[in-house]
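Asker: First to last, the protein sequences are chains A and B. Residues in the first sequence are numbered consecutively from 1, following the working numbering. Residues in the second sequence are numbered consecutively from 1, following the working numbering.
Rather than coming from a laboratory, the hints here were simulated on the basis of the structure. There could be a bad hint or two in this list.
Here are the simulated distance ranges between beta carbons [stated by the list, open to error]: (1) A/Lys13 with B/Ala156: 49 to 59 Å; (2) A/Phe146 with B/Gly184: 39 to 49 Å; (3) A/Lys13 with B/Thr163: 54 to 64 Å; (4) A/Glu36 with B/Leu57: 43 to 53 Å; (5) B/Asp286 with A/Ala12: 43 to 53 Å.
Here are the computed lysine to aspartate or glutamate pairs in the EDC-like style, where the Cα-Cα straight-line distance is at most 16 Å [what the hints assert, rightly or not]: (6) B/Lys167 with B/Asp198; (7) B/Lys301 with A/Asp26; (8) B/Lys301 with A/Asp58; (9) A/Lys151 with B/Asp32; (10) B/Lys294 with A/Asp29; (11) A/Lys13 with B/Asp198.
Where is the CB? At the ideal position from N, CA and C, for every residue including glycine.
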Amino acid sequence: MKEILDILEKNAKLTVAEVAVLTGLDEKDVSTAIAEYEQDSVILGYKAIINWDKTDTDLITAIIEVKLVPQRDKGFDSIAERIYKYPQVKACWLMSGSYDLSVMIEGKHIKEVAMFVSEKLAVIDGVFSTATHFVLKKYKDGNIIFEGIEKDDREAIVL
Amino acid sequence: MSSPEKYVKNSVREMPPSGIRKYFDLINEMEDVISLGIGEPDFITPWQIREAGIYALEKGRTHYSANAGIRELRDEISEYLKRKYDIAYDAADEIIVTVGASEGIDLALKAILEPGDEVVVPEPSFVAYKGCVNVSGGIPVSLELKEENLFKIDPAELEAAITEKTKAVIIPFPNNPTGSVMTGEELEEVVKVLKNKDVVIISDEIYSELTYGFEFRSLATFPEIKEKLIVVNGFSKSHAMTGWRIGFVCGNKEIIKHMFKIHQYTLMCAPTPAQYAGIEALRNCDAEVERMIKEYDRRRKFILNGIRDLGLKCFEPQGAFYIFPNITSTGLSSDEFCEGLLKSERVLMVPGTAFGDCGEGYVRATYASSLENIKEALVRTERFIKGLQEK
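Extracted from the complex, chain A is given alone in its bound form (with noise of 0.2 Å):
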């Protein structure tokens, strides 16, 4: 079963009815299956990956090295909490290291990030300091890359 996991992780897109044939199990087996992986929240959701660079939308994306004083009895996890609440966090991880968190946040200009910096976040109870990178370019994300693929330029017949 967990082959299905990994070929919807690839496409999602695919179909009961293809997934069933690709592990050559039963439709309706594999109904079953995707529908308790998202009851147990194995299957958290279904998304695009989207090259925005190739649309007109102003899009940045910053990663904040953020160091926090660890709260008794709660150790991080209730700061980290209180970080990736904001919508504009998409990415939150403890990290080993010589700093603590890793927040990638998204907004449309420098400015709303800093500000977003600035306002929320480096002023939150606990958050000793933090470092903002912003992104100049992503060449992989989510293990697509996304410019330079490699296509199918063989020859179409050979012997």
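Chain A is fixed; fit chain B onto it per the hints.
Answerer: Showing chain B alone in chain A's frame:
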């Protein structure tokens, strides 16, 4: 004959061109063709292998290598064969690194055939066997693989095909174009026939990594035939390395040492950067190979299901990356089917007759193509078949 063609030797002049040559010309004038006609992986060589090749170039490893291949690579091959198939070949004198597995086949035939020697060639099979036998002065003798036998060798028919003139038998499994694979037990029966015959066995195991649902067994695991066995294998299909031109051949050192001389005088060595890439392929790429096999297996199920849904009878392939549907129900010959499908729907499959006369009534499609391509090809093929029925 007054044309300069007269200088070309008879056996070559009389050799028929590849049965699919006309499709090259047809395709050149067409756009938007979905080709299921290619006998190679659609995957590009895994990056770490390419990287190793690039590194070899950067380091200036651009010279001839040892004729038999870089020792480090031969050691890896020996180790790989042990690890994967539990067969033992000594890197020192039982393995030659060749320019693709095709060179291995050619080398073997050149080394063993006297003029007029017969070679049993099961068919349908890879288009080059017969040509190579002819060029080496031998006479190919077809052994028909039948759909009712799941395109496997029938031991009794093999026994009957071997005569006093037979010098060698080619064993081509997993098979191109049928996708048939012989199990260990089935091979045992074949070995029972072969062990009593004074013939060389050339086992083309180039698709050995690509079996679905069961373990591949190499003929080299049978000690009773090993001394007269030549195993041909390579990196092209397993590691998606067709363009690197690198393969290998293994056998008893008393045979290999003579094949080595031909290799030395004709090819010198396999491309050196490709050999360095090959080391990386065998040493660190099992996971990449696994990933590709898994993907082929899914597409295999998909295309089999799709073709059967079109109402075509179709043997379930268990190896390589080809499917060989029976198209006789359409009332067309293999060639008519492929030409019609290409001209009207721009989908390319290869007529079964390209792989031997007994391939009539079948076409070969590869599933070494993206799932999107396969889906679209099935839609177009369905339209083609429906169009036939309306006529």
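Asker: Would you mind marking each hint as holding or not holding in the structure?
Answerer: Evaluation of the provided hints:
Between A/Lys13 and B/Ala156 the beta carbon distance is about 51 Å. The supplied range of 49 to 59 Å therefore holds. Checked against the hint of 39 to 49 Å, the pair A/Phe146 and B/Gly184 passes, with Cβ atoms roughly 47 Å apart. In this structure, A/Lys13 and B/Thr163 meet the distance hint of 54 to 64 Å, their C-beta atoms being roughly 58 Å apart. Judged by the Cβ atoms, the range 43 to 53 Å given for A/Glu36 and B/Leu57 holds: they are separated by roughly 51 Å.
Between B/Asp286 and A/Ala12 the beta carbon distance is about 28 Å. The supplied range of 43 to 53 Å is therefore violated. Proximity of B/Lys167 to B/Asp198 is assessed by CA-CA distance (about 8 Å); at most 16 Å being required, the pair is judged to hold. The straight-line distance between the Cα atoms of B/Lys301 and A/Asp26 is roughly 13 Å, inside the 16 Å bound, and the hint therefore holds. Restraint check for B/Lys301 and A/Asp58: not satisfied, since their Cα atoms lie roughly 43 Å apart, outside the 16 Å limit.
Pair hint A/Lys151 plus B/Asp32 holds up; C-alpha atoms about 14 Å apart against a cutoff of 16 Å. A threshold of 16 Å between alpha carbons decides the hint, and for B/Lys294 with A/Asp29 the separation of about 20 Å lies outside it, so the pair is violated. Our distance criterion of 16 Å between C-alpha atoms is broken by A/Lys13 and B/Asp198, whose separation comes to about 57 Å.
The structure fails to meet hints 5, 8, 10 and 11 from the earlier list, while all remaining hints are met.
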